[in-house]
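Protein chains in written order, with UniProt numbering: chain A, 1 to 361; chain B, 1 to 361.
Hint data in this document are derived by calculation from the structure and do not stem from the laboratory.
From the three backbone atoms N, C-alpha and C, an ideal C-beta is built for every residue, glycine too.
Be careful, since some hints might not be right.
Per the computed footprint, the stretches of chain A lying under chain B, defined by three or more beta-carbons under 8 angstroms from a beta-carbon of chain B, are [said to hold, decoys possible]: (1) 27-41; (2) 50-59; (3) 83-93; (4) 284-297.
Listed here are the chains, written in short residue letters.
There are 2 protein chains.
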Amino acid sequence: MKKNKHGANLFELAEKYHFNVKDIRDFSSNINPFGASKKALDYVKEHLENVSIYPDSEYIKLKQAISSYSKADTAHIILGEGATGLISKFIQFVNPKHSMVMIPAYSEYKSELNKIEGNTIFSYSLKKENCFQGDTSELIKKTNEKQADILILCNPNNPTGSIFSQDDISYLMEHTSCYVMIDETYIEFTDKNKYSSAPLTTKYKKLFVVRGTSKFFSTPGIRLGYGLCSDEKVLDFFKSHTDLWNINIIATMMGEKMFTDTDYIAETYQKICTERNYLITELSSFEQLKVYPSYGNFILCEIISDKFDADYLYDKLIPDALAIRNCASFETLDKKFFRICTLLPEDNQKLIHSLKNILAQ
Amino acid sequence: MKKNKHGANLFELAEKYHFNVKDIRDFSSNINPFGASKKALDYVKEHLENVSIYPDSEYIKLKQAISSYSKADTAHIILGEGATGLISKFIQFVNPKHSMVMIPAYSEYKSELNKIEGNTIFSYSLKKENCFQGDTSELIKKTNEKQADILILCNPNNPTGSIFSQDDISYLMEHTSCYVMIDETYIEFTDKNKYSSAPLTTKYKKLFVVRGTSKFFSTPGIRLGYGLCSDEKVLDFFKSHTDLWNINIIATMMGEKMFTDTDYIAETYQKICTERNYLITELSSFEQLKVYPSYGNFILCEIISDKFDADYLYDKLIPDALAIRNCASFETLDKKFFRICTLLPEDNQKLIHSLKNILAQ
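Let the hints inform the model, and build the full structure from the sequences given.
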């Protein structure tokens, strides 16, 4: 059931509830619902015959596009088939004896850490009484105490939506000596200038920033992620552990165009912010729910009524073709928590409408 | 310079000789020049918005298409990002102490075998006096003598064009106990019914057949390969060593259509046979060349004149925007050998015309 950890499997749901896959509004997958860059899609359409050539094995143009987008040196860019493979390989590189992860978090960090023999995994728990906001000093203390070789953060964090600023991360890098991996899958849904650690990678060699393109750029189908790091040892490791032409030519062409489509990027950000604000406002009006602040394109909610839990809500929403994400599988969360992402305005309105009906019962 | 092992880097050549990349006729890459399945390309174009969804994590439809194409059980199909990654992982699975490869061959086999610590690699050398045709009994004897844990064959073999029949492989499987990996990258350019070992994978658990889609289906850009094997241990190993969603949605959509496009498959085969026959006939007419028989879409030639070598020929052909593959880097071959693949009729005619001019000098 691996796939369920990454959000509902639409194919299974469709079969179970006799829906067409396209009719289900998937509030669990965190993908930008406004779609991919039209410029990029048009470019791919016009050059689809390029499936018959090998990609440039150096990916020069793609790296240039990522470089201008993420303000990182092209030499510090590592390309991967999605973010998860990069996370896995970086952990292999560090080969830790002691690791530190923040929880609740994306379950793949621990899965990957568990593959390292003799590795002890410690957890830094985000407290709901602090709205899941981490305390940098406390995190540093615990990381150093446990002699962690690697610290893994998701920023903003999935599923809590909490965030560390760039200044927090600088402070962290100055006061720890371990490798720090920051998963910035959701960074584009917030103010990158204030929160992204990408610009710090040049200064701090032990910092590894990883990003995917599935969520913000709405392209999970193309399997494209990238890592940013200035450590020669890390760069060499990835070079020698990566297949030639690991990035397919569609991802290459999409990337070359979408990372430089500044209008699309600005509009997507604005639209998601508007929808997030709408959802937070509406959800907060339900007395049965506590809504946690979020810097991602998703919102963590806690059911504070004794009368029902997230499973109940899930089952009640599915007949309306609305799929939310139950969060009981996240460490430290329980059946009272669920997560929803921002979809299209009409979908968000439909969800709020359905919730009103259900919660009024 | 890794890329040069896999054929000329067109980008570098274009810069050096002031050509547009598209103007160079690349006789070194072995890609079917008639292009990808139009049905598949049209389907991808119509459904390009699918970049915004995750592929089905079980790849059910893609596996069904491969199954009907390769006559293998869907449960025995392993998907990979190109053939090379599958080759690498299968070698990791076997983790051999002793290995046997046929030479001359694709250099990646030895590169991957060399990554296994403590592995001794033995070679079975194809003799030019036998037109590089392998002797099954001799190969069995040597494999058993060396106690090989794995035997790697390419069938038909690159760069020699020689081949083993399905009956030869059955005989081999009956008389060896090691894992046998057969790289069938070029099998579709010949009579699959007689030469492919795919149907044998059900009977022989230690047989692993690997295929790519870059060459025959003219889709190196989509990064799609597959392995066929009925051994549960092998299947489990790949399951636990493969990232979720390793095949991107463009490759998925292309595969679903192109493997079932029987008209395209039959036409491609016919056209390549016609061009191969033309080239073999024309090349054989040069008294300076010995042309080896080929079951692939490429032809190995030996310069039997003392007056020049393949480097000379390469340099003379580049100004005509024709790139051949010098074969000195293949073990047991030398500067007298070159390989060309079948391109479009006009390209093949141009090559023969240029060769006539050069060899008449």
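Hint-by-hint comparison with the structure:
{"no.": "1", "hint": "27-41", "in the structure": "holds (count 5)"}
{"no.": "2", "hint": "50-59", "in the structure": "holds (count 8)"}
{"no.": "3", "hint": "83-93", "in the structure": "holds (count 3)"}
{"no.": "4", "hint": "284-297", "in the structure": "violated (count 0)"}
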